[in-house]
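Protein chains: 2
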Amino acid sequence: MTSSLASLESALDYTFQDISLLEQAVTHRSHSARHNERLEFLGDSVLNFTVAALLFKRFARIDEGDLSRLRANLVKQASLADIAQKLSLSQYLRLGEGELKSGGFRRPSILADALEAVFGAVFLDSGFDAAHKVIARQYAPILVHVDPKTLGKDPKTLLQELLQGRRIALPVYTVVATHGAAHNQTFEVECAIPKLEVKVLAGGTSRRAAEQSAATLAIAAIEAQGPGKGTRRRPRKSAQLSLPVAVSQESST
Amino acid sequence: MTSSLASLESALDYTFQDISLLEQAVTHRSHSARHNERLEFLGDSVLNFTVAALLFKRFARIDEGDLSRLRANLVKQASLADIAQKLSLSQYLRLGEGELKSGGFRRPSILADALEAVFGAVFLDSGFDAAHKVIARQYAPILVHVDPKTLGKDPKTLLQELLQGRRIALPVYTVVATHGAAHNQTFEVECAIPKLEVKVLAGGTSRRAAEQSAATLAIAAIEAQGPGKGTRRRPRKSAQLSLPVAVSQESST
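Here the protein sequences come in this chain order: U and E. Sequential numbering from 471 applies to the first sequence in our numbering. Sequential numbering from 471 applies to the second sequence in our numbering.
Some hints here could point you the wrong way.
One copy or two, either will do: identical chains are not told apart, so a pair holds if it fits within one copy or between any two.
Restricting the straight-line Cα-Cα distance to at most 27 angstroms, the calculated cross-link-like pairs of lysine-lysine (DSSO-like) are [unchecked claim]:
#	residue 1	residue 2
1	Lys527	Lys546
2	Lys556	Lys665
3	Lys665	Lys603
4	Lys626	Lys603
5	Lys556	Lys603
6	Lys603	Lys527
Don't read these hints as lab results, they were simulated from the structure.
Using the sequences plus the hints, can you model the full thing?
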């Protein structure tokens, strides 16, 4: 059912001295008692440290808060599941019947955990330098594209920074409507930036989620205006729920 | 004002190739621009990983949840500040005027951060093996005394496990009084274990805190009863607020 671990080794560019460690790393607890959870604990920490060291070296001038934010983004479940997918890790997973039937081999949490366990297995097999090398290899193509100014920042923060950079007043978020019963509500939020004549609407299952969506739309609307400073713009007119809305108005300056 | 770094090196049993790294590690941001916060980021992660690896090796049979709990306890601020104190780290700290005057060299957060930065500096100076060795040396006397069954568990959990081990019904927590205004309240909570005739009262600034204190008192009261199984006890009588109260009653069995 599962592919030969030799091809996983070649994808990792690492050959195990004790292949049973790799076998354990791809074994979910639903499959057998010798499963990967302890290796995952170890792998999670060698991964966190390695990515910290890689970022520390690559970005010599950014502060520790930014380093933390970048790392959190690079080691989060979705990022790990992406790497796991590139390694075709799901082909090697050993899952119990129930997990197999419910598609566990596609589940991001199972993939991310197994990937961490693989890193932990490499560390156990050969020590830190080998684990560092294996992890660095997987992250090399990702690190090339990391933008320390934006990666891992939420849309509201990005919008705020964009406006501050242009010395424009902060956006105003307003809940314009709520729908549904108390524990199953959706929120409609407006994000307005009068100076740029931007007014967008977005929905979400929480006020916060709706605000973040609205901020994303607002950024898109501002970027569509081009690199202007908020004083001269092409007048535009449109009005549509949940899409960028630039309210037409001649610039007063 | 600050002691020579050579004596810190000997306390760490490590000699820096680049002593300016150690100097930076003991420099708080209030002192100068070349401060220790980036090193702290790096040191925090090499510390977390090293302690994970030490625990993984030492406790071959405990699960990843227990490993996480143990690690969290070993790397928390108070634990780091303890180690910093044994190293007399405060003597080497470079603080700005304000921090100096307000006693910053005694503050656990500043000590813990500087210690992490020192570990990060060792890693930068010589790589992982050196950092592992320095950290392992500081933790060796601590790891000897780690009890994986109890370390880092809160009193309510410990009490619950103690009772489950004796097949006794769980304790009942009751708020018996609150004092003070809404945002400055104190709570008085009773913890009762009828089967053991234990009834204790404790106060706290939150319900949770009061419950934890009450659990601590309940454990003390049970331990004072000796290793009995809850069926035969010396009858005792006492009644005092915020102290163990064993309600006297002849055992019915």
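Hint by hint, here is what the structure shows:
1. Proximity of Lys527 and Lys546 under a CA criterion of 27 angstroms is satisfied in both settings, with 20 angstroms inside one chain copy and 26 angstroms between copies.
2. Proximity of Lys556 and Lys665 under a CA criterion of 27 angstroms is satisfied in neither setting, with 45 angstroms inside one chain copy and 58 angstroms between copies.
3. In the homo-oligomer, the alpha carbons of Lys665 and Lys603 never lie at most 27 angstroms apart, since the shortest distance is 50 angstroms inside one protomer and 58 angstroms across protomers.
4. In this assembly of identical chains, Lys626 and Lys603 lie within 27 angstroms of each other by CA distance neither inside one copy nor across copies; the values are 36 angstroms within and 44 angstroms between.
5. In this assembly of identical chains, Lys556 and Lys603 lie within 27 angstroms of each other by CA distance solely inside one copy; the values are 17 angstroms within and 35 angstroms between copies.
6. Taking the shortest Cα distances, Lys603 and Lys527 sit within 27 angstroms of each other both inside one copy (15 angstroms) and across copies (22 angstroms).
Violated hints, listed in ascending order, are 2, 3, 4; each of the other numbered hints is respected by the structure.
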